[in-house]
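Visitor: Taken in sequence, the protein lines are chains A and B. Our numbering puts the first residue of the first sequence at 1, with every later residue one more than the last. Our numbering puts the first residue of the second sequence at 1, with every later residue one more than the last.
Source of the hints: derived by calculation from the structure; they are not laboratory data. Wrong hints could be hidden among the right ones.
Examples of chain B residues lying across from chain A (beta carbon under 10 Å, computed) [to be verified]:
(1) Glu47
(2) Arg52
(3) Arg63
(4) Trp64
(5) Leu68
(6) Trp111
(7) Thr113
(8) Ala115
Cβ atoms here follow ideal geometry from the backbone N, Cα and C, with glycine treated the same way.
Letter by letter, the chains look like this.
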Amino acid sequence: MSDLQVEWLEQTLGGDETAFANIVETYQRPVYNLCYRMLGDAVEAEDAAQETFWRAYQALDRYDPKRPFPTWLLSIAAHYCIDQQRKRRIPILSMDLLPEEDAPDSAPNPERVVSELEETSQMRRLLSRLGPQDRAAVILRYWYEFSEEEIARTLSLTVSAVKSRLHRARKELAQNWRETQVKNALPERRKNESPAI
Amino acid sequence: MSHQPFETWILDHAGLSMADRRALQEHLDTCQQCQRLQRQWESVHQELRARRMAAPAPGFTQRWMSGLAERRAQEQRKQAWRIFGIFLGGSFLILLLLAGYLMATSSPADWLTAAVRAASSTAAILNLCVYAVRTWLSNTPLAVNLALWIYLMIALCLMSLAWVLIVWRTSIVGVFKHETH
């Protein structure tokens with residue numbers, strides 16, 4: 001965490017709201033991404049990210065400066081999303097609400113865009129089949145490159161629990177991969193079938 | 001046929017020694033199930049490595065700031081209702097205790113006598129007050145009365161202001177808690 005961010009935190013604790021707005025501006029993307037990957041819906045992710053920053057703002061006086069601030073923030077987001085998942089139990093996936101994504105190349109290429117969207121929705125479907133905590137562990141591991149210890153701290157689990165959750169999640173992802181591939185291929189094949197037969 | 005520890009090794013190569021890798025390869029050469037798992041996991045892993053960070057719609061911070069104002073107003077309303085509830089509950093409890101005490105120490109006839117006595121003595125006191133005010137007004141100059149009246153009004157206004165301020169501060173305690181640091 002930079003000195004400037006430490007200063008923003010101190011200013012927020014001193015009652016300066018605009019200082020916390022800088023924190024929101026800085027961390028909006030990682031927080032939103034976690035919420036989006038967890039919930040699979042852009043609108044719900046926006047609400048969850050807003051709620052995360054509100055909770056962080058309220059609990060700022062309890063924040064331990066020894067702990068990395070992004071980890072603390074993501075921990076709030078992860079716990080909130082896990083609770084939301086448990087409340088609704090059945091994941092609802094909206095395919096129409098795709099958020100902006102980082103594209104490696106900005107050149108217009110419709111085929112590439114379509115293929116990326118297919119991959120994104122496929123990954124989203126795969127993630128939606130995992131349990132909330134397993135999903136959070138996978139997201140923190142692969143999107144944020146957290147170590148097993150960091151995941152354990154973020155999700156309030158033991159390191160061995162994280163290891164077993166990651167193992168289970170990887171196995172499930174691998175097993176479900178083929179199913180989603182087959183499901184994706186079927187409509188495509190039907191579309192190309194001759195109507196005369 | 002046991003697929004452990006090969007299954008674990010397929011899903012996480014980290015920390016595997018050369019001997020482990022050789023053993024895994026030997027197992028993969030003979031086990032179709034593990035071969036399939038490895039192929040599927042490699043596809044998933046490739047997808048995971050190509051992950052992209054989703055971004056919120058533009059104006060996220062502005063939305064948060066306006067949400068903050070709304071949430072604060074909500075918290076203030078909640079706090080005000082909480083205080084109102086505490087006062088109402090407290091008053092009700094005091095009334096209940098008083099009624100219990102009266103029921104235990106006296107009879108309804110005693111209450112009636114006491115009420116009549118209190119009403120008549122209140123009326124007598126009021127009459128005395130009116131008489132005292134009239135005597136005061138007739139015996140003192142108008143300027144003194146006017147000054148006293150203004151003084152009393154100012155004192156009343158100050159006390160009302162102090163009361164409003166106290167209620168306002170109390171109703172938002174906890175909402176602006178960061179300001180106290």
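Visitor: It remains to establish, for every hint, whether it holds in the given structure.
Guide: For each hint, the structure was consulted:
The restraint placing B/Glu47 at the interface with chain A holds, with a minimum CB-CB distance near 6 Å, inside the 10 Å limit. Checking B/Arg52 against chain A by beta carbon gives a least distance of about 5 Å; that is within 10 Å, so the hint holds. The beta carbon of B/Arg63 comes within 7 Å of a beta carbon in chain A, closer than 10 Å, and the hint placing it at the interface holds. Hint status for B/Trp64 relative to chain A: holds, with the closest Cβ pair at about 5 Å, below 10 Å.
Against a cut-off of 10 Å between C-beta atoms, the interface hint on B/Leu68 holds, since the closest Cβ of chain A lies about 7 Å away. For B/Trp111, the interface hint is violated, since its Cβ never comes within 10 Å of a Cβ in chain A; the closest pair sits about 51 Å apart. Given the 10 Å rule on beta carbons, the hint for B/Thr113 is violated: about 58 Å separates it from the nearest Cβ of chain A. At a threshold of 10 Å, the smallest CB-CB gap from B/Ala115 to chain A is about 52 Å, leaving the interface hint violated.
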